[in-house]
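Student: Work the whole structure out from these sequences, hints included.
Protein chains in written order, with my numbering: chain A, 17 to 126; chain B, 219 to 330.
Just to be clear, a hint being listed does not mean it is correct.
Claimed, not checked - Here are a few chain A residues that face chain B, going by a calculated C-beta distance under 7 Å: (1) GLN58; (2) GLY59; (3) TYR112; (4) PHE116.
As the list claims (entries may be wrong) - Straight-line C-alpha distance at most 25 Å; calculated BS3-like pairs for lysine-lysine: (5) A/LYS113 <-> A/LYS19; (6) B/LYS225 <-> A/LYS113; (7) A/LYS68 <-> A/LYS85; (8) A/LYS19 <-> A/LYS85; (9) B/LYS283 <-> A/LYS113.
If you are wondering where the hints come from, they were derived from the structure by calculation, not from laboratory data. C-beta atoms are modelled at their ideal positions from N, C-alpha and C, and glycine is treated no differently.
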Amino acid sequence: DAKTTQPTSMDCAEGRAANLPCNHSTISGNEYVYWYRQIHSQGPQYIIHGLKNNETNEMASLIITEDRKSSTLILPHATLRDTAVYYCIVRASGTYKYIFGTGTRLKVLA
Amino acid sequence: SAVISQKPSRDICQRGTSLTIQCQVDSQVTMMFWYRQQPGQSLTLIATANQGSEATYESGFVIDKFPISRPNLTFSTLTVSNMSPEDSSIYLCSAEPGETQYFGPGTRLLVL
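Tutor: Here it is, written out as structure tokens:
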């Protein structure tokens with residue numbers, strides 16, 4: 017079973033920040049948090065990952081709580097092309113297996 | 219990162235036949251993976267394919283149904299054997315050049 021829980025769906029207005037939460041309350045000290053998205057049944061696209069510090073790249077920011085039991089992916093200025101299913105995955109360093117949950121279906125509204 | 223291509227992108231097949239899906243990576247990688255995504259579902263790992271060794275299959279998947287080859291560090295194939303309509307899915311390969319997996323575009327298979 018997936019080690020994460022996410023809301024089934026969310027809406028966000030175009031141009032606004034999209035904040036996607038993920039709960040991983042059983043995360044271990046050596047497990048990273050990864051985020052992927054899947055647009056219209058294409059292959060999943062890597063977004064960002066982190067261990068305990070907040071991370072930012074050209075696509076998004078990842079905010080991990082101090083106790084690491086939850087995280088939030090932030091798309092700062094959502095566009096219609098960000099409409100996708102977003103997956104939050106935890107995986108231990110040195111292991112390879114991704115367990116995909118059901119993800120959050122984000123719809124960006126014009 | 220890694221750029222991954224798959225062939226074919228889609229196919230329609232008759233039950234009882236087999237289809238081989240090819241996966242090409244633009245760099246040498248030790249670990250490649252095959253996933254299945256059934257209609258409306260999330261991704262499920264079928265097997266891990268390391269070059270030079272037999273593939274490791276996840277629970278519920280067997281080599282006779284999903285034989286995998288890994289002839290070199292940039293290429294892998296997955297065969298879906300003796301297909302039935304229940305095999306209609308998207309099949310995805312991925313590769314892990316560092317600590318992140320990158321996915322191919324997928325192969326959409328419809329079995330009639």
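Student: Each hint needs a verdict: does it hold in this structure or not?
Tutor: Now the hints, each set against the structure:
no., hint, result
1, GLN58, "6 Å, holds"
2, GLY59, "4 Å, holds"
3, TYR112, "6 Å, holds"
4, PHE116, "4 Å, holds"
5, A/LYS113 <-> A/LYS19, "12 Å, holds"
6, B/LYS225 <-> A/LYS113, "24 Å, holds"
7, A/LYS68 <-> A/LYS85, "10 Å, holds"
8, A/LYS19 <-> A/LYS85, "11 Å, holds"
9, B/LYS283 <-> A/LYS113, "21 Å, holds"
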